[in-house]
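Novice: Just so you know, the sequences run in chain order Y and U. Reading the first sequence from the start, the letters are residues 1 to 328 in the working numbering. Reading the second sequence from the start, the letters are residues 329 to 720 in the working numbering.
You may find that some hints are simply not true.
Here are the simulated DSSO-like pairs of lysine-lysine, each with C-alpha atoms no more than 27 Å apart in a straight line [unchecked claim]: (1) Y:Lys135 with Y:Lys282; (2) U:Lys683 with Y:Lys135; (3) U:Lys407 with Y:Lys50; (4) Y:Lys249 with Y:Lys108; (5) Y:Lys262 with Y:Lys108; (6) Y:Lys262 with Y:Lys282.
Over the 12 Å line for every Cβ pair with chain Y, so calculated as not near, a few chain U residues [said to hold, decoys possible]: (7) Leu394; (8) Gly434; (9) Arg568.
Just so you know, the hints here were simulated from the structure itself, not pulled from any lab data. Just so it is clear, the structure is predicted and the values come from calculations on it, not from any experiment. From the three backbone atoms N, C-alpha and C, an ideal C-beta is built for every residue, glycine too.
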Amino acid sequence: MSETDERIARWLETNTFHHSEFWDMQELVRAKHEAGLTISLCIPTLNEEKTIGKEIIVFKSELMDRYPLIDEIAVIDSGSTDRTLEIAASYGADTYLSADILPGHGFKPGKGENLWKAIYQLRGDIICYVDADIKNIHAKFASALVAPLIYRPEIQYVKAFYDRPLAVSDEVRPSGGGRVTEILVRPLFSMFFPELTALMQPLSGEYAVRREVLERLPFPIGYGVETSHLIDLYQSSGLDAFAQTDLDKRVHRNQSTTDLGKMSFGILQTFLNRLETYGMAKDLPELHGLFRQFQAEGRRYEQVTHEILEEERPPMITLPEYRERHGR
Amino acid sequence: MAKSIVNRGSRETLLAHREALGNLREILFANVVMAGEIPAPTGYERRITRFLSDRFTECGLDNISLDQAGNVAGVISGKTGRRNLLVAAHVDKIWAESEDHTVSVGVGVMSGRGLADNSLGAAVLATLPLILDELGITLDANLILLGTTRSFGRGDLRGMRFFLENSAWEIDSALCLEGMALGRLSFSSLGMARGEIVVEVVRPHDEESATEVSPGVVPTLSELIEAMLAINRRGCPDTRVLIGSIESGSGYSVPPGRGLVRFEIRSLDADRVSEVEAELVQLVERFSGRSGTTVGIEIIARRRPGNLGLDHPLVREAGEILVALGLESRVEPSVSELAALLDRRIPSLTLGLTKGENRHSPEESILLDPIFDGLAQLVAMLQFMDGGDFTF
Chain Y
1 MSETDERIAR WLETNTFHHS EFWDMQELVR AKHEAGLTIS LCIPTLNEEK
51 TIGKEIIVFK SELMDRYPLI DEIAVIDSGS TDRTLEIAAS YGADTYLSAD
101 ILPGHGFKPG KGENLWKAIY QLRGDIICYV DADIKNIHAK FASALVAPLI
151 YRPEIQYVKA FYDRPLAVSD EVRPSGGGRV TEILVRPLFS MFFPELTALM
201 QPLSGEYAVR REVLERLPFP IGYGVETSHL IDLYQSSGLD AFAQTDLDKR
251 VHRNQSTTDL GKMSFGILQT FLNRLETYGM AKDLPELHGL FRQFQAEGRR
301 YEQVTHEILE EERPPMITLP EYRERHGR
Chain U
329 MAKSIVNRGS RETLLAHREA LGNLREILFA NVVMAGEIPA PTGYERRITR
379 FLSDRFTECG LDNISLDQAG NVAGVISGKT GRRNLLVAAH VDKIWAESED
429 HTVSVGVGVM SGRGLADNSL GAAVLATLPL ILDELGITLD ANLILLGTTR
479 SFGRGDLRGM RFFLENSAWE IDSALCLEGM ALGRLSFSSL GMARGEIVVE
529 VVRPHDEESA TEVSPGVVPT LSELIEAMLA INRRGCPDTR VLIGSIESGS
579 GYSVPPGRGL VRFEIRSLDA DRVSEVEAEL VQLVERFSGR SGTTVGIEII
629 ARRRPGNLGL DHPLVREAGE ILVALGLESR VEPSVSELAA LLDRRIPSLT
679 LGLTKGENRH SPEESILLDP IFDGLAQLVA MLQFMDGGDF TF
C-alpha cells in the first residue's frame with residue numbers, strides 16, 4: 001500500500017461520516033451554542049420555483065423553529081423569471097438578488113457569483129450551501145454537513161455525498177459520483193491530486209465551510225467553483241481540512257449530456273488554470289472559452305458553439321467593503 | 329352540558345386562535361411535506377406510523393404505542409382525566425409504494441399524491457400537541473391521538489376497528505381528521521358493501537386460434553356493468569351502486585380473458601344494501617351460467633349505517649363554529665373511520681381541514697391558508713367536547 005493509499009484509508013476512517021451519526025439534534029444545537037458559532041444557510045437559485053418552497057419550509061421548520069441550529073436562511077438569486085423569489089419569501093427565507101449585493105463590483109451570471117456574494121451578505125461563522133433542485137429534501141442536507149464543523153474544530157470544509165449505486169453486488173456499494181465526476185474530475189484528480197479522489201462527490205452542491213476559509217478562496221463564477229475550492233484548500237491545508245458526509249440519497253433533475261459537456265468544459269478550464277497557478281503544468285497554450293458541440297438534422301451537420309468563460313472573483317477578504325461589514 | 333364555544337361570545341377567540349396558529353406555519357407545512365412524501369399503501373404504513381411516533385415522542389406525549397394492527401397512539405394527559413377524547417386520522421394512502429410521492433410547494437398551495445387523503449390529516453395529528461401548546465390550552469380530558477392503519481379498500485377500517493375492540497381507553501367522543509373538505513358536516517355513515525366481480529373466459533388449449541374467434545370477456549363485462557348501473561335507474565335515490573374501477577386486458581388486439589369490476593353499494597338503509605347485494609349475487613349467477621364464462625363476486629368490506637343526528641350537540645356546535653369562521657357547511661355522510669366509531673355508538677364527527685382539488689389523482693392539491701380555519705375549528709370542537717358528556 002502506497003503512502004497516498006494509507007493517507008486516504010486513514011482519512012476515510014476518520015473524516016467520512018454518515019448522517020445518522022448526527023441524529024441527536026438537541027446535542028448538536030447544544031454543541032453549536034457551546035462553540036459560540038453562528039450558521040447561515042445559503043440556497044443559490046435560478047428559476048427553481050418547483051422545489052424552493054419545500055426546501056425553505058423543511059429547513060425553517062426543522063432547523064430554525066424546532067431545533068435552532070441555523071441562524072439565517074437566505075436565497076441568493078441570479079435573476080429568476082419564475083416565482084422562485086416570491087415563493088421563497090412567502091415561506092420566510094431572506095431573499096436577495098445577486099446583482100443587488102456589492103453592486104459596485106457588478107454582476108456576473110453564474111452560480112459561483114451567488115456563492116461568493118453570500119460570503120459578504122450572510123453573517124454566519126459557517127456557511128452551508130445547498131442546491132435548490134433537491135426533490136427529496138430533508139433537514140439532514142444541512143445539519144449533517146455542519147455537524148462535523150461543530151464537533152471537530154480542525155475540519156474546515158464538509159462535502160455531501162450520496163448513494164448512487166451503479167450496480168449492487170455482495171456487500172460492496174460502488175460509491176459513484178455523477179457522470180462528470182467519474183469521467184472527468186476523478187481521472188484528473190487521480191493524476192494530479194490523488195488524495196482528493198477520496199471525496200466521493202467532489203462536485204456536489206451541498207457543502208458547509210468556515211467563513212475564515214471561504215473568505216480566502218478565489219471564486220470561479222461558473223462550473224469550476226467547487227473544483228477550484230477543493231484544489232485551493234487542499235494546496236493550503238491538505239486533506240485533513242476536509243470531511244464528507246453520506247446523505248444516502250439525493251433526487252434531483254437529470255441534466256442532458258449536452259449540458260454536462262458544457263459543465264466539463266468549464267471545470268477543465270478551472271483545473272488547467274489551477275495547474276498553472278501551482279506550477280504543475282508548463283507551457284500551456286492560452287486557454288480560450290469556446291466550446292464546440294455538434295448537431296445533426298438529416299444529413300446536415302452543424303456546429304454549435306458556446307462561450308464559456310470561467311471568470312474568477314477574488315478572495316472576499318481582499319474587498320474593503322467586506323472587511324468593514326464583517327470587522328476583519 | 330358543554331357550553332358552546334361560539335355562543336359564549338368567543339367568536340373573537342376563534343379568530344384569534346386562527347391568527348395565532350400562523351406561528352406554527354412552517355412546522356405544520358413541513359409535517360405535511362414529510363407525511364406526504366412517505367409512501368403508505370394500505371397494509372404498509374410502518375414508515376409513516378414511525379414518523380408519527382417520533383413526533384409524539386418529541387412533543388413529550390404519554391403512552392406512545394404501536395398496536396398489533398400497526399396503529400400509532402399517544403396521549404396528552406388531561407387535568408382531570410375524567411373523560412377520554414379521541415382524535416384520529418388514517419395514515420394509509422391509495423397510492424402504491426412505487427408511485428412518485430414528491431410534494432411540490434407553491435404560493436398558498438401544495439400538490440402531490442395523497443395530500444388531501446390523508447397526509448394533511450396525519451400532519452395535523454403530528455402537530456396537534458404543538459397547536460394546543462401554542463394556544464395555551466390544557467384540556468381536562470385525556471386526549472388520545474391515533475394514527476390508524478388499513479382504512480382503504482380491503483383494509484376495511486381494520487386499524488380503527490382493532491383499536492376500538494382492544495384499547496383500554498373508554499372513548500367519550502371522537503373526531504376523525506380528513507384533509508378535505510373544510511366545511512363538511514359528517515355526522516353519519518352510510519351503509520356500504522364493497523366488493524369485486526371477476527369475469528373469466530375459459531380458453532381452449534390453442535390460445536392463438538382462440539383469439540381469432542373469441543371476443544374474450546368484453547361483451548360480458550359490458551352487459552354486466554350495464555345491468556349494475558340499471559339498479560341505480562330504478563329510482564331509489566338513497567341507494568347507489570358505484571363502480572370505482574374496471575380492469576381488463578393489456579394491449580390493443582388481444583381480447584382479454586379476465587376482467588375485474590370494483591364496486592360499492594351505498595345506502596342510508598342497511599336493508600337496502602343487503603337487497604342490492606343479493607341482487608348482484610343473482611346477476612353474477614345468471615352470467616356465470618353462460619357457457620365458457622365464469623363470474624364470481626366477493627364482498628370485501630361492509631359498513632352499517634349510523635347517524636348522530638342533525639340535532640346532536642356536537643353537530644350543532646360544529647355547524648355554528650363553521651358559521652363563526654365564515655364558512656359554508658355541507659352535510660356529507662362518510663364511509664371512513666367515522667363508521668366504526670358510530671357503530672360503537674361513540675359520538676363522533678369527521679372534520680375536513682382545508683379545501684383542495686383533484687382528490688385521488690396524481691395532481692391532488694390542497695390550499696394552505698384555509699388549513700388555519702380547519703385548525704381553529706378542530707381546537708374549538710375539542711374545547712367543546714372537553715366540557716360535556718355526550719350521549720349517542
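Novice: Now tell me, hint by hint, if it's right for this structure.
Specialist: Going through the hints against the structure:
1. At most 27 Å may separate the alpha-carbon atoms for a hinted pair to count; lysine 135 (chain Y) and lysine 282 (chain Y) exceed this at roughly 44 Å.
2. A threshold of 27 Å between alpha carbons decides the hint, and for lysine 683 (chain U) with lysine 135 (chain Y) the separation of about 25 Å falls inside it, so the pair holds.
3. Restraint check for lysine 407 (chain U) and lysine 50 (chain Y): the C-alpha separation of about 45 Å exceeds 27 Å, so the hint is violated.
4. A distance of roughly 32 Å separates the Cα atoms of lysine 249 (chain Y) and lysine 108 (chain Y); the hinted pair therefore is violated under the 27 Å criterion.
5. For the given pair, lysine 262 (chain Y) sits about 17 Å from lysine 108 (chain Y) by alpha-carbon distance, which is consistent with the 27 Å threshold.
6. With a CA separation close to 25 Å, the supplied pair lysine 262 (chain Y) and lysine 282 (chain Y) stays within the 27 Å bound.
7. Residue-level check passed: leucine 394 (chain U) sits 20 Å from the nearest beta carbon of chain Y, beyond 12 Å.
8. For glycine 434 (chain U), the condition that its CB be more than 12 Å from all CB atoms of chain Y is violated, with the nearest at approximately 6 Å.
9. Its beta-carbon lying about 39 Å from the closest one in chain Y, arginine 568 (chain U) satisfies the requirement of being farther than 12 Å from that chain.
In this structure, the hints that do not hold are numbers 1, 3, 4, 8, in rising order.
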